[in-house]
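Trainee: Sequence:
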Amino acid sequence: MERRSTVTRMDLEFMLIDETAEPMALPLTLLRHITDDFSAEHEIGRGGFAVVYKGKLGNRTVAVKRMSNTFVDESEFHREVQCLMMVKHKNIVRFLGYYAETHWTMVTQEGKFVMADVNQRLLCFEYLPNGSLDTSCGLQWRDRFQIITGICQGLHYLHQNSFMHLDLKPTNILLDDNLVPKLADFGLSRCIGS
Numbered sequence: 001m002e003r004r005s006t007v008t009r010m011d012l013e014f015m016l017i018d019e020t021a022e023p024m025a026l027p028l029t030l031l032r033h034i035t036d037d038f039s040a041e042h043e044i045g046r047g048g049f050a051v052v053y054k055g056k057l058g059n060r061t062v063a064v065k066r067m068s069n070t071f072v073d074e075s076e077f078h079r080e081v082q083c084l085m086m087v088k089h090k091n092i093v094r095f096l097g098y099y100a101e102t103h104w105t106m107v108t109q110e111g112k113f114v115m116a117d118v119n120q121r122l123l124c125f126e127y128l129p130n131g132s133l134d135t136s137c138g139l140q141w142r143d144r145f146q147i148i149t150g151i152c153q154g155l156h157y158l159h160q161n162s163f164m165h166l167d168l169k170p171t172n173i174l175l176d177d178n179l180v181p182k183l184a185d186f187g188l189s190r191c192i193g194s
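Under our numbering, read the sequence shown as residues 1 to 194, first letter to last.
Hints may be right or wrong, so weigh each one.
As the list claims (entries may be wrong) - Simulated restraints on C-beta separations:
| # | residue 1 | residue 2 | range |
| --- | --- | --- | --- |
| 1 | 159 | 58 | 31 to 39 Å |
| 2 | 143 | 116 | 46 to 54 Å |
| 3 | 104 | 160 | 21 to 29 Å |
Honestly, the hints are just simulated from the structure, not real lab data. Glycine included, C-beta positions come from ideal geometry on N, C-alpha and C.
Sequences and hints are given; from them, build the entire structure.
Mentor: Spelled out as structure tokens, the structure:
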């Protein structure tokens, strides 16, 4: 059953403006509404473990990452949320909130009814309109240098705070309106020393 959350569309939009706002639990109804029930028209990315959707909030946009039910590992999801809650830096994608629920349903397997877990795991982030670094080509040297410097600053911040990203690649580096790079996808990250 969905936990009752009083977070509204306007609250989420305000979080984008207020840099000090902390990530929070978000209602599934809100995430469904802003993505038109996770419609294909809102899909902006797809990986082996998740699909990312654009969420419309009136004047602003967010990215909603919906984990594939088949590949949701509970401890990995908790680790990713914990990491995202702790890291705050101009070169790391801003985490806004999450939704997590597990319920059971009956399914048939080899002619028998069995009880199966159905996991809903979603993460909500700031939306970065220039996509990932792997789709950015033809950049000026000045822009490339700014991007390299930003990536290094983001990694330095992570390492100073005992985090290892472990999956740094062009698709996990996103660019904002001003081509400021932001590290994304902490699914494989590790907190060193804990």
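Trainee: A range of 31 to 39 Å was offered for this pair. Does it hold for the Cβ distance of residue 159 and residue 58?
Mentor: For residue 58 against residue 159, whose Cβ atoms are near 38 Å apart, the range 31 to 39 Å holds.
Trainee: Is 46 to 54 Å right for how far apart the beta carbons of residue 143 and residue 116 are?
Mentor: 48 Å, holds
Trainee: For the range 21 to 29 Å, tell me whether the beta carbons of residue 104 and residue 160 fit it or not.
Mentor: With Cβ atoms ~43 Å apart, the hint is violated.
The structure is inconsistent with hint 3 alone, although it conforms to all the rest.
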